[in-house]
Structure formats: C-alpha cells, structure tokens
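Residue numbers for the sequence shown follow the numbering used here, beginning at 18 and rising by one.
Take the hints with a grain of salt, since some may be wrong.
[To be verified] No farther apart than 16 Å at their CA atoms in a straight line, the calculated lysine to aspartate or glutamate pairs in the EDC-like style are these:
1. Lys290 / Glu261
2. Lys290 / Asp255
3. Lys85 / Glu62
4. Lys68 / Glu78
5. Lys272 / Glu283
6. Lys296 / Glu261
7. Lys234 / Glu208
8. Lys254 / Asp266
9. Lys85 / Asp61
10. Lys234 / Asp266
11. Lys85 / Glu64
12. Lys272 / Glu289
Source of the hints: derived by calculation from the structure; they are not laboratory data.
Note that the structure is a prediction, hence the values are computed from the model and not measured.
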Amino acid sequence: MLWMILTLMTVLASVGLAIPLIRKRDAQNANRTDAVGVLKGQLDELEAQTKAGAIAGPEAEALKTDLKRRVLAEGRTTEAPARPLAERTLLILAMTIVAVVTLAGTGLYLAIGKPGVKAAPGAAAPAAPIEGHPQGDTQVMIAQLETQMNQRPDNAEGWRMLGWSYLQTGRNADAAVAYGKAVALDPTNNEYISAQGESTVLAADGQVTPAAEALFKRAVAVEPGDPRARYYLGVAKDQRGDAEGAMNDWIALLKSAPADAPWASEVRTFVEKVAADRKVDLSGRLPPVAGRQATADPGRPGPTREQMAAAQNMNPGDRDAMVQGMVDGLAAKLKQNPRDRAGWEQLIRARMVLGDTGQAAADYRTGRQALSGSAQDQQALRSTAAQLGVPGV
18 MLWMILTLMT VLASVGLAIP LIRKRDAQNA NRTDAVGVLK GQLDELEAQT
68 KAGAIAGPEA EALKTDLKRR VLAEGRTTEA PARPLAERTL LILAMTIVAV
118 VTLAGTGLYL AIGKPGVKAA PGAAAPAAPI EGHPQGDTQV MIAQLETQMN
168 QRPDNAEGWR MLGWSYLQTG RNADAAVAYG KAVALDPTNN EYISAQGEST
218 VLAADGQVTP AAEALFKRAV AVEPGDPRAR YYLGVAKDQR GDAEGAMNDW
268 IALLKSAPAD APWASEVRTF VEKVAADRKV DLSGRLPPVA GRQATADPGR
318 PGPTREQMAA AQNMNPGDRD AMVQGMVDGL AAKLKQNPRD RAGWEQLIRA
368 RMVLGDTGQA AADYRTGRQA LSGSAQDQQA LRSTAAQLGV PGV
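The whole structure should be built from the sequences, with the hints applied where relevant.
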C-alpha cells in the first residue's frame, strides 16, 4: 500500500511538470473556431426567420449587423508565439523530466525514507522522561494521573496525588484546583483541606488569602491538631501585623509536636530565624530538643560537645575556619552518600548561617537531583529550603 501511494504521488508530480511541455499550442484557436461556427449558425437561423417574416426587417438587419461584427471579432487570430524547441525535442525533454523525477524520488526515499531509519538529529520527537531525572518522571506521572482522573473523576485520593504532583512542578494554582476536587469528594479529610489551603497560599506568592485562611480554619475544625493548618494560621496573623500572636501560635505548635514529628525541626528553625531577625527573646519558651546535648552522629560530620566548648575560646577567624571545615566535611560525606536527605538539609542550613546563599541554592539543586528516587524526600528538602529562604526555591 505504501509503495502504491508513493508511486501515485510520483506520477502526479511528473505529469504536472510534463504537461506544459507537450500541451497543444492551437487549443485557443480551436476554441475560437468553435465560437465562430456557433455565431454563423445563429446568423443562418436569423436569415431563415427573416424570410419567414418572424422578425421585422429593421430589427433583423440590426441583429445581423451585430452577429457579423462578432463573427469578425472572433475570427481574428494572432500568430502563436514560436516554440523555443521543436515538437519532438519538447516531447523528449518531457519524458526525461518524468524519468528524472521518478528515479530521484525513489532513490531519495530508499536512502533516507525507510520506516526503520532513525530520525535525523534535531527532528521532533515525543517528549520522553530522562532516566534518573526527577522532572521527566514527574511529567510522565502527571500525564498518567490526568488520564486516570478523566476516566475516574470520583477518586478523591487520585485528585490528591495529582495535586501533589502539580505542586512539585510549580503549578500551584492547578494543585489548588485538584485538591479542591479531592475535598469535594471527601469534605471531612483535613489533610486534603489543608493541602488545598497551602496550594492556594503558594499560588498567591506566599500570601494567606481569605480563601486560604478559611480552608485552614476548616481543617482545624475537622482536626484541631493539623500542623500545616496551624502553622499557616500563624502566618496569616503575622501578615496582618499580629507578630506576637503568630509567634505564640508557632511556639504552641512546637510544644504540641510529637517527639518524632518530621516537620518539627523545620518549624523550629523557622521560628528561631524569625525571632533572631526581630530581636525576640525565646529563652525558656521553646520545648527542649531531644538529644540536643548528645554527641553528634558519627556518620555525619558535625560539632561535638568538645568541639563546641573549644570554639568558645577561639578567635573569630579560627572559629570561622573550624565551622567552614565542618561544612566542607559534610559536603564531602554527601558526595559519598548523596541519598542522605538529613545531611542535605544540614548542609543547606549551614550554608545559610554562613551567608553563602549562592552555594546553598546550588547544594539544594544537587540534593534534589540526588534524591530523585524519592518524591517524599524531595518534598521535605524543598520545604526545608523554602523555610530557610534559599534563593530560587
């Protein structure tokens, strides 16, 4: 079938090129001859009707004069322009063109038109995920989820997953819509509600809009301990100018956090940073951190109690050198074990404390790529970086 189609296309192209060369040049004269014959027939008919008395003499003469004028006009012929080549030569040239087009087209297809030949460099191809690249994997997952949700729009958990996927790729407004559909299907699920509120905040560039605040209040009404909703309600107070009320809410959130709450350390870091920026004394207000006095994890470079005590007696230059050395040691450790999310968080936090925001942003990107196999770790790292104020997050 393919060869039949290609053959037909080649023939049509060849004929289109050959027709102007072999077309008869006297076709126009033939048309004129036919027109003159018709006019003469009309003139003979007029003569017969005049003799029969069907048409009056003066009227007949006027009609005859007009017909004779038209016969003379149609009968004038101009000499056709001379052909540049002889008839036989033009015929040979036309056949040569047909042969060249056919053979060249067939040869070109055989060279580069085989169905099995790979596309040329730069040729458009469907987007495919890059192996090991989180963005490619996320895009494929989003496309699959979108297809599934079009087929099963009554799946609340599916809408939650789609909203989370949108959130990972920066489509915050789309995430809010997807989470909203999950909430509509399961209106008593506080996680869906607070996730919709968070997406709404991110879509508004960090502003807790009235709509988002209403969602957080709704989530707390369903589950009073919802940490995400409580945190953002504090942010809403802070944005309205109630800094003290916001700080009280965040401290209360930390005090109520379970010992193993994965978000507690990030919230604590955020609260301490805000307090430092605003010169707020938090002495005795924050709950103690479990293991704060313990020796640092031997698997992750960090200051021990002895190192911290020694640092108190160092001059600023030596102290900065020691801190930089520990940071460099942590970076080296992460090169050997790049899938250590806590290590990346510690490294980024240290970079921000040292004021090296550019390197903190670079470490965040490297950490995200290293954690490409775990969307949960990627999200946790992103949350930490955002709370620390890492540029570009």
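Hint check:
A C-alpha spacing of about 15 Å is found between Lys290 and Glu261, which places the hinted pair at or below 16 Å, so the restraint holds. Proposed proximity of Lys290 and Asp255 is supported: the alpha carbons are some 14 Å apart, at most 16 Å. A hinted pair counts as satisfied when its Cα atoms are at most 16 Å apart, and Lys85 with Glu62 qualifies at roughly 13 Å. A C-alpha spacing of about 12 Å is found between Lys68 and Glu78, which places the hinted pair at or below 16 Å, so the restraint holds.
The hinted pair formed by Lys272 and Glu283 meets the criterion: a straight-line CA distance of about 14 Å does not exceed 16 Å. The hinted pair formed by Lys296 and Glu261 meets the criterion: a straight-line CA distance of about 12 Å does not exceed 16 Å. Taken as a hint, the Lys234 and Glu208 pair is honoured in the structure, with Cα atoms around 12 Å apart against an allowance of 16 Å. With a CA separation close to 9 Å, the supplied pair Lys254 and Asp266 stays within the 16 Å bound.
At roughly 11 Å between alpha-carbon atoms, Lys85 and Asp61 fall within 16 Å of each other, so this suggested pair holds. With a C-alpha separation of about 14 Å, the suggested pairing of Lys234 with Asp266 holds against the 16 Å cut-off. Distance restraint check for Lys85 and Glu64: the Cα-Cα separation of roughly 12 Å lies within the 16 Å cut-off, and the hinted pair is therefore satisfied. Distance check on the hinted pair: Lys272 and Glu289 sit about 14 Å apart at the alpha-carbon level, within 16 Å; holds.
Hint compliance for this structure: no hint is broken.
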